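Visitor: The chain contents come next:
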Amino acid sequence: MKFERIVDAATAAALRLDWFRDHLAPVSVYGERVFAAIEPFAPQARLAAQASAHRIAALASAFDDALIDAVRDVLRTTPDALAAIARASMGDHLSDVHLLELMRFADAVARIDAICAGVAGIEPMAGDALREVARALERGRTGTSGFYLADDFDDGLARARVALAGAQAEYDAASGRCVAEIMGALHRDDLPEDEFIVMRADVPGALPQGVRVVRETPTYWLCAIELDDAARAALERRDAATAAHANAEERVRAQLSAQVREHADALEALASALGERDVLVAQVRFARLQRCCAPEVVADTSIDAEGARFSPLEAALAREGRAYTPIALRLDDVAVLTGPNMGGKSVCLQTCGALAVLASFGLPVPAQRARVGIFESIAWLGVGGDGEVGGLLSSFAREVVRLRDLLDRSSERSLLLVDEFARTTTPYEGKALLIGLIERLRERRVRALIATHLDGIARASGAVHYAVRGLRGVLQKAPSGNLADALATLAASMDYSVQVVGSEEIPHTDAIALASLLGLDDRLIDAARNALT
Amino acid sequence: MRATNGVNMRVGMALLDRARASGARSIVVIGTGKNVGKTVAVRAIAQAAHARGLRLGLTSTGRDGEGVDIVDAMPKPRLFLRAGDVLATARGSLPDAPATEVLDVSKLATAAGSVAFVRVRADACYEIVGPPTAAGVRSCIDRFFDFGCELAIVDGAVDRVAVLAGGDDAVVVATGAADASTLDEAVADVQALVRRLSVPAYDAREPFVRIDGALTPTLARALAQARDQRQIVVMDPTQIAITGHTFLGVNERLRLRCERPLRVVAVTAASIGRERYFEPHAFARAVAEATGLPVYDVYAASAAA
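Line order of the protein sequences matches chains A and B. Using this note's numbering, you'd call the opening residue of the first sequence number 1 and step up by one each time. Using this note's numbering, you'd call the opening residue of the second sequence number 1001 and step up by one each time.
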């Protein structure tokens, strides 16, 4: 998937798009080719994007997990037949390994057609071309999935093999006679055919006839057997039969290759179809596992979702047996998001970004309901989106440079996700910068969600103000003092849902209580509380 | 009668019997260098396995069985295989004729293409280009048994002993005149290799220090300087990254042990090299004395123990 068409590397990292790529990935080489070439939909093609997402979501209901696994098991073990098809199309004779790959390719298509038979919206892939090639190769099938140029392919091949076996037997008998005579002369009961050592002490006179000396040393001869005339004649006949046999095998390969060449275009198209099926099944699997819905893909650039989830985090929490709180959010302008530390502000931004990316690629989204526009660029500014640490620029300077670049590239179809911009400068000036940013984004009609701890931004800029609901009651310190328990205590106390804040009230950040929960020194915590009061 | 195709049946039988007596289902032949009779030893074992009616799987940690050496263009011993043998070899190394039965194509990559599993249908000489990685070779051995093979043979290499890790193979070490200037040097080389591969199992009742990963010369030197009297335990002998005379010295000063010992069952000695030869009986006797293992000369058909 060409995520890079709409996000840069920093944004891809912040949105965990590697996780999405892994979970949408097909399993076959055919699928990998298709997957690598997937482009986002253009805004003008929003209906096509919507149709794509609806089709995947509908198939997610039609498929079950066992069916998906069965298709993927077949795809996973299907060898790549494209090289064989390409070679045949150029007139090459295919090797037996190529022919096996084509046979298994045909098997895979037939099996997947059989598995998917009866699933609404899924058409069979196999056509006459594949059936004809499969029929031709079938004579070479050994066991369930092996391939051999069997005698059945051609009478001439069968005759050549009989002739070769006869010639080989004749040569074996003739050369065996030579060996037996030499063994007798040397009083040996075992003698190699090519090079062997004869100790001088073991042979009082000359070496027997038919033994050729390869090398002499003071204590032994390195010898080889020299065939007699009859054996040499038999060897020549054997070699001739070997050549005839090789020609007969190659003739069969040529015939099979010609059949593949005749249908090369259709087979190549089928390889693409198999790849698309692999990608589709992977998307259906993703939609089922992530409980996705098909978004309504709208003409404008807005995001309006209920029950939306950020799948990588949801999966991580599920592994620890913890629940995930979906969010509802509407973004059709610039909005400000506030909330306590560890309250899920960044996840809220990630959720928006992921919904926008998935919708742009015509995919279902992890939400109960969603209306999403197609964005031409999605960018992340702030925590998690800045790969560089150190260097000549300070943290603040790096953020500013990145913001400058993002603003230069932004358009009416841009989505900007801002995570605590200007957190490293003074709150007074940081607030001013954020107000200025919102004003500039509005001028350019960029959609943006801006997470911040600074107060008064929404009121000053007139932006919609979302807030994470935050802690329910007083946060109690985890009794055991370990981090996992502290996180569980926090999760139990935190309401991660977001709501529109009517007035510009300052949400309680609970930073000191959180620091205490995470094990910061009690005296430091007490001092901080005193300072606050 | 049919000729025995350049192998010594008696030596092959002896090697096969020793390997099977150790309980191994696979045999890895490791040479001390190039042209030391490794492929001849593999042929001998294969021939013996054929005579015993065993279904055979063969692979290599490199390129073996080719007609001429691709490095120096000198003739090399061919690998003659019988119908029914299963090969794991690069698809590009398969002959056009005689056709083989293609059983599967793996994702193991070699310079000559991915590794294919084929069953020999006609007796002939075959070239084997096996997977370059130890894990690849081990997966080939596993697949051989899936295909009904009763014995797996790996034509190994001295610089690929990692292939022995994690297996329960019988190991045959091949040495020869081609790999050393003098008989003494050849004997010392094979002694070091055999001793390294034969490092015994550790005794958990006695003090030991476990080495995570490889025992390198630097680490060994530090342990020796500290006069560490404990058992120095590596996972298996392939984790000892010290060879030749250096190893023999380290082995004198440290109590080298391992968690998973290997089974070195025999040595083959090729007294003939391209540029030199050793007196066959003297060479075999010296190797036997130095290694404590039975030694078979695959050319002279002699044995020493």
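It should be emphasised that the hints constitute simulated quantities derived from the structure, not laboratory data. Note that the structure is predicted; figures quoted are calculated from it, not measured. By construction, the Cβ of each residue, glycine as well, lies at the ideal position given by its N, Cα and C atoms. Take these hints with a grain of salt, some might be off.
What the hints assert, rightly or not - Examples of chain B residues lying across from chain A (beta carbon under 8 Å, computed):
id, residue
1, Arg1010
2, Asp1096
3, Ala1097
4, Ala1116
5, Val1120
6, Arg1121
7, Cys1125
8, Met1235
9, Leu1248
10, Ile1272
11, Glu1275
12, Arg1276
13, Tyr1277
Visitor: Interface hint check: Glu1275 (chain B), Cβ to nearest Cβ on chain A, cutoff 8 Å. Holds or violated?
Guide: 11 Å, violated
Visitor: Next item in the hint list is Arg1121 (chain B). Is there a CB on chain A closer than 8 Å to its CB?
Guide: 6 Å, holds
Visitor: Given Leu1248 (chain B) as an interface hint, is the shortest Cβ-Cβ distance to chain A below 8 Å?
Guide: 30 Å, violated
Visitor: Given Ala1097 (chain B) was flagged as interface, is its beta-carbon under 8 Å from a beta-carbon of chain A?
Guide: Since the shortest Cβ distance to chain A is 3 Å, the answer is holds.
Visitor: Just to be careful: measuring from the Cβ of Tyr1277 (chain B) to every Cβ in chain A, is the smallest value less than 8 Å?
Guide: Check passed: Cβ of Tyr1277 (chain B) comes within 6 Å of chain A, closer than 8 Å.
Visitor: Answer holds if the nearest beta-carbon of chain A is closer than 8 Å to that of Ile1272 (chain B); otherwise answer violated.
Guide: Interface hint status for Ile1272 (chain B): holds (6 Å vs cutoff 8 Å).
Visitor: Answer holds if the nearest beta-carbon of chain A is closer than 8 Å to that of Ala1116 (chain B); otherwise answer violated.
Guide: Constraint on Ala1116 (chain B) satisfied, holds at 5 Å.
Visitor: Should the interface hint for Arg1010 (chain B) be scored as holding, given a Cβ-Cβ cut-off of 8 Å against chain A?
Guide: 5 Å, holds
Visitor: Quick check on Arg1276 (chain B) please, does its C-beta sit within 8 Å of some C-beta on chain A?
Guide: Arg1276 (chain B) check fails; min Cβ-Cβ to chain A is 10 Å, beyond 8 Å.
Visitor: Next item in the hint list is Cys1125 (chain B). Is there a CB on chain A closer than 8 Å to its CB?
Guide: Since chain A brings no Cβ nearer than about 11 Å to Cys1125 (chain B), farther than 8 Å, the hint is violated.
Visitor: Hey, does the Asp1096 (chain B) contact hint survive, CB to chain A under 8 Å?
Guide: 6 Å, holds
Visitor: Given a cut of 8 Å on the nearest C-beta pair, is the interface hint for Met1235 (chain B) held or broken against chain A?
Guide: Hint on Met1235 (chain B): violated, closest Cβ of chain A at ~31 Å, above 8 Å.
Violated hints, listed in ascending order, are 5, 7, 8, 9, 11 and 12; each of the other numbered hints is respected by the structure.
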